[in-house]
Amino acid sequence: MKHLLSTHDLSVDDIVGILDVADHMAEINTRTVPKVPALRGKTIASVFFEDSTRTRLSFETAAKRLSADVMTFMASSSSLNKGESLRDTIETLSAMGIDALVIRHKSSGIPQTITQWTDASVINAGDGWHQHPTQGLLDAYTVTREYGTKDSLQGRSIAIVGDIKHSRVARSNIDIFRRLGAHVVVVAPPALLPGNIESWGVEVRPTIDDVVADVDVLYMLRMQLERMDSAIVPKLPEYCATYSLTPERAARMGSGAILMHPGPINRGVELIVDPADVPGSRILTQVKNGVNVRMAVLFSLLGSGATSTLQQGAES
Amino acid sequence: MGTEILGADDVSRAITRISHEIVERNSDLSQVVIVGMQTGGVWIAERLCENVNRLSESVVVPLGAVDISMYRDDFSLRPVVLSAPTDIPVDLTGRTVVLVDDVLFTGRTVRAALEALNDHGRPRAVQLAVMVDRGHRELPIRPDYVGKNIPTHMTDEVSVGPEGVIVTAVEQ
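If you read the protein sequences in the order shown, they are chains A and B.
Taken in order, the first sequence gives residues 693 to 1008; the numbers are from our numbering.
Taken in order, the second sequence gives residues 50 to 221; the numbers are from our numbering.
No wet-lab data here; the hints were simulated from the structure.
Idealized CB from N, CA, C, for every residue including glycine.
Check before you lean on any hint, since a few could be wrong.
[Claimed, not checked] Derived list of chain B stretches under chain A, where covered just means 3 residues or more per stretch with a C-beta under 8 Å from a C-beta of chain A:
id, region
1, 108 to 120
2, 157 to 169
[Said to hold, decoys possible] DEER-style ranges, computed between Cβ atoms:
id, chain 1, residue 1, chain 2, residue 2, range
3, B, R186, A, V725, 27 to 33 Å
4, A, D715, B, T65, 33 to 39 Å
5, A, R870, B, Q80, 51 to 57 Å
6, B, R66, A, G955, 54 to 60 Å
7, B, D77, A, R870, 53 to 59 Å
8, A, T805, B, D193, 54 to 60 Å
9, B, R66, A, V762, 46 to 52 Å
10, A, E719, B, Q80, 22 to 28 Å
11, B, I215, A, V725, 52 to 58 Å
12, A, G847, B, G56, 44 to 50 Å
Please model the entire structure based on the sequences and the hints provided.
Below, the structure is given as structure tokens:
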């Protein structure tokens, strides 16, 4: 496998393989010197056309812990502002000798398009509403390791609450969770559900109260406030009354159930409860696991010769 | 079509002998850590550690395992196969590490293991124990404890297990 563009490119064996490699990375990250020479001599560029804190820093931390060199490209301070095209930008970066490009863009499909213009591996770090594959992988890692079921989510129920329609996290996570065997429930107002939700293989429930006490994982999506004005969303207080996690609802979560959120959190919107007060909150565990899983992805794509660990998984 | 060089009894005797040699050479066993290389060295390290702890009575020598796949110098030459993760239970600074593998060949795996160990502290010394030394070193590395020296051709395959050691000639 050369690129990671979508969770749909990964077989279940690939997914399990990456999560296994992430266990190795987790051990490295517990050391006093959390650094190995695995990707010495490789250069990785993070190319973000959209704002990000955790994804960009997580990838860059992951690359550095594997001893790769990291270049950071910020669209806001680049020659894009002088009218340079996306293609020229990518070709210029590639000409400097890059082994992997980590791409975030507001438009779906841009990482796929970029693969035509470069010999480097392309990793999708979020494109529009389409996909955010490393988020799906790190969330699957978090849930499987939480429940000690290495390669399966069989028998687990996972509720994803919030703006499903505009969420690339929902698309990547639902795909991976379902293929690992979990039962996935989505909770959202009709305006924030995609039109073809029936074909996603998930159960739809109208309110958070329907699920909060019953699921193993309560996955709260970020309410994309920038869309609040566009009148597709009910008024905020109305939304919160039906979909937000309040302290009262958090108290009804099952014992052993966990709370997850991809960040950044809108405090007082989707999370009215302070996550620090929820014993089952794994929001910071997700961030920590993000480094392990992104190290595993980089190592799987770049760390090997003729045949990568991923390709072996695909062949077996 | 392999030739059995050592049987199960021979392997057991070699492990017993190496255990005694470890005790003999390390007067302060409380500073010793036995570390097996994933995956072939792990079972040998376990048995050495059991024996040494039986011989030493008062001291408990810790057992660890090291995975060297992130430290190889030949990533671009061959696919990387990950084994089980590293598990080093103590800080190695100031300790004497007995590094254990099944077969010593080019020495490149040992080189990688030495680098990996250094990320867990700075050992006072590292000693190397192997069941089979088959020659063909490409680096200046030598074992301290050897089960059996076996002259081989570069292309032979050597398999080591509790049930014995088998050398198979591979036609080029």
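Checked hints:
no.	hint	result
1	108 to 120	holds (count 4)
2	157 to 169	holds (count 4)
3	B:R186 - A:V725: 27 to 33 Å	29 Å, holds
4	A:D715 - B:T65: 33 to 39 Å	34 Å, holds
5	A:R870 - B:Q80: 51 to 57 Å	52 Å, holds
6	B:R66 - A:G955: 54 to 60 Å	58 Å, holds
7	B:D77 - A:R870: 53 to 59 Å	57 Å, holds
8	A:T805 - B:D193: 54 to 60 Å	57 Å, holds
9	B:R66 - A:V762: 46 to 52 Å	50 Å, holds
10	A:E719 - B:Q80: 22 to 28 Å	24 Å, holds
11	B:I215 - A:V725: 52 to 58 Å	39 Å, violated
12	A:G847 - B:G56: 44 to 50 Å	47 Å, holds
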